[in-house]
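**Q** Spelled out, the chains give:
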Amino acid sequence: MTLIGEILISVLLLAAGFFGLVGSFGLIKLDQPMTRLHAPTKATTLGVGSVLIASMLYFLFFTDGITFHELMITLFLFLTAPVVAHFIAKAHLHRNWKPEELPQPEGDSTWGVYATDESETPDTPVKPQE
Amino acid sequence: MMTIALNIAILCYGVAMLMNIWVVARAEGVGDRVLALDTMVINAIALMILYGIVYATPVYFEVSMLFAMVGFISTVAYCRYMLRGNIIE
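Residue numbers (our numbering), protein chains in the order written: chain X, 1 to 130; chain E, 1 to 89.
Honestly, the hints are just simulated from the structure, not real lab data. From the three backbone atoms N, C-alpha and C, an ideal C-beta is built for every residue, glycine too. The reader is advised that the hints may include incorrect statements.
Below, simulated EDC-like cross-link-like pairs (lysine to aspartate or glutamate); rule was C-alpha separation at most 20 Å, straight line [claimed, not checked]:
1. Lys90(X) with Glu89(E)
2. Lys98(X) with Glu28(E)
3. Lys42(X) with Asp32(E)
4. Lys90(X) with Asp32(E)
5. Lys29(X) with Asp32(E)
6. Lys42(X) with Asp31(X)
7. Lys90(X) with Asp31(X)
8. Lys90(X) with Glu100(X)
9. Lys98(X) with Asp108(X)
10. Lys90(X) with Glu101(X)
11. Lys90(X) with Glu28(E)
12. Lys98(X) with Asp32(E)
13. Lys29(X) with Glu89(E)
The following label-pair restraints were derived from C-beta to C-beta distances [to be verified]:
14. Arg33(E) with Met1(X): 42 to 50 Å
15. Ala56(E) with Leu102(X): 47 to 55 Å
16. Tyr114(X) with Leu11(E): 38 to 46 Å
17. Met34(X) with Trp22(E): 16 to 24 Å
18. Ile66(X) with Arg33(E): 36 to 44 Å
19. Arg84(E) with Asp64(X): 49 to 57 Å
Please build the complete structure, drawing on both the sequences and the hints.
**A** Below, the structure is given as structure tokens:
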């Protein structure tokens, strides 16, 4: 039983180290900013997921209690990684691309990055508080 | 066997963090730097959990949870600053 646990944990740890290395190496290796987003957000999240599962298995097999904190961290990282990737892609579009260089979306709509929000510029100026 | 795997994983994540520092220092634009910092936060979380396995203590989960939250919020704040020029409107 302990041997099975050791083998499982070792395989998970090796996979985690591999994915962490691949993610950080892709950040150097890939040449375009948009493709560079792929490497860390996918591979590193997978690597951290493997580390967290290995940690859960370790506390299950080698100590007398099982912990579920790792699942919380995994859930948090899996929820936030796409949000962060989307935000960085938006900032990249905003800084480095002009609206004319991008393909026009269908209909009257424009890209959300370049849309001007009318609600922020009211016709009548806001009266200062007395 | 598990000790060897732990050492290899810690080595991998250490090398990965060194690569991230390289990208932060030598990147072309601000977006790449923010991306590298975000990756660095995730690698640091992995290192902390590995440290918790080495010393067989569950104390580091709270640390890594807080670190994950702070890293997410700081990345979003950086991107918001790049997009709008200020963080809280």
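**Q** Does each hint fit the structure? Answer for all of them.
**A** To see whether the hints hold, each was checked on the structure:
no., hint, verdict
1, Lys90(X) with Glu89(E), "holds, 18 Å"
2, Lys98(X) with Glu28(E), "holds, 19 Å"
3, Lys42(X) with Asp32(E), "holds, 16 Å"
4, Lys90(X) with Asp32(E), "holds, 13 Å"
5, Lys29(X) with Asp32(E), "holds, 13 Å"
6, Lys42(X) with Asp31(X), "holds, 17 Å"
7, Lys90(X) with Asp31(X), "holds, 18 Å"
8, Lys90(X) with Glu100(X), "holds, 16 Å"
9, Lys98(X) with Asp108(X), "holds, 18 Å"
10, Lys90(X) with Glu101(X), "holds, 15 Å"
11, Lys90(X) with Glu28(E), "holds, 17 Å"
12, Lys98(X) with Asp32(E), "holds, 19 Å"
13, Lys29(X) with Glu89(E), "violated, 37 Å"
14, Arg33(E) with Met1(X): 42 to 50 Å, "holds, 47 Å"
15, Ala56(E) with Leu102(X): 47 to 55 Å, "holds, 53 Å"
16, Tyr114(X) with Leu11(E): 38 to 46 Å, "holds, 45 Å"
17, Met34(X) with Trp22(E): 16 to 24 Å, "holds, 21 Å"
18, Ile66(X) with Arg33(E): 36 to 44 Å, "holds, 40 Å"
19, Arg84(E) with Asp64(X): 49 to 57 Å, "holds, 51 Å"
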